[in-house]
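K.L.:
Residues per chain, in single letters:
Protein chains: 2
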Amino acid sequence: MSKLSPCPIHQPTETERCIESLLAVFQRYAGREGDSCTLSKKEFLAFMNTELAAFTKNQKDPGVVDRMMKKLDLNSDGQLDFPEFLNLIGGIAVACHTSLLVNTHPH
Amino acid sequence: MSKLSPCPIHQPTETERCIESLLAVFQRYAGREGDSCTLSKKEFLAFMNTELAAFTKNQKDPGVVDRMMKKLDLNSDGQLDFPEFLNLIGGIAVACHTSLLVNTHPH
Chain A
0 MSKLSPCPIH QPTETERCIE SLLAVFQRYA GREGDSCTLS KKEFLAFMNT
50 ELAAFTKNQK DPGVVDRMMK KLDLNSDGQL DFPEFLNLIG GIAVACHTSL
100 LVNTHPH
Chain B
0 MSKLSPCPIH QPTETERCIE SLLAVFQRYA GREGDSCTLS KKEFLAFMNT
50 ELAAFTKNQK DPGVVDRMMK KLDLNSDGQL DFPEFLNLIG GIAVACHTSL
100 LVNTHPH
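Those sequence lines, one after another, are chains A and B. Numbering follows numbering that gives the first Met the number 0, in which position 84 of the first sequence is assigned residue number 83; successive positions increment by one, without gaps. Numbering follows numbering that gives the first Met the number 0, in which position 104 of the second sequence is assigned residue number 103; successive positions increment by one, without gaps.
Extracted from the complex, chain A is given alone in its bound form (with noise of 0.2 Å):
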């Protein structure tokens, strides 16, 4: 038995492991402070500078996380609950999808 694996029973599939890592990574900013059930700004913010730096640190306007947080949280409540943040992971995931696409097939 490894110490990999301590849940013999199953062995998670690439998709399952992405699922547990989007609900761990939701759960890790969002139980930072207040509602540990959703992000707050400040939570979306820490998230989007560590989980997503790459894409923040290439951003001139200091305005877009703000913007970003304002489109995704569909419901006005001022915090972004997991279905919300689902959104900005699946808008990155085709984002990048596309960009394949153009990249694979330019003409």
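Heads up, some of the hints might be wrong.
[Stated by the list, open to error] To give an idea of the chain B side of the interface with chain A (calculated C-beta under 7 Å), a few residues:
1. Cys17
2. Phe54
3. Gly89
4. Ala92
Note that these hints are calculated values from the structure, not bench results. Virtual Cβ for every residue (Gly too), placed ideally from N, Cα, C.
Go by the hints and put chain B onto chain A.
P.N.:
Frame of chain A, contents of chain B only:
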């Protein structure tokens, strides 16, 4: 230089690894036959039976994956594109998150 770091410029974060995995898994199955940018029904079945086998093997109804495909195929073209595929991943992640919340705060 570790052989695990082919790209020494930037070590991906957990969120970035996740986005990369989603793209890679989709492309792995979509590339099997026909249009390599979409999942055919056969490719979707292969994905479900491999990546989400923990879910499909508990389904007694053999039509459930067919119905899932129909529901996810928003433009009804008989194929799942990447955004349609992400709706499935998002749906599962939200279901897991909700289930965790219920189990953590049962009342």
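K.L.:
I'd like to know which numbered hints this structure contradicts. Please list them from smallest to largest.
P.N.:
2
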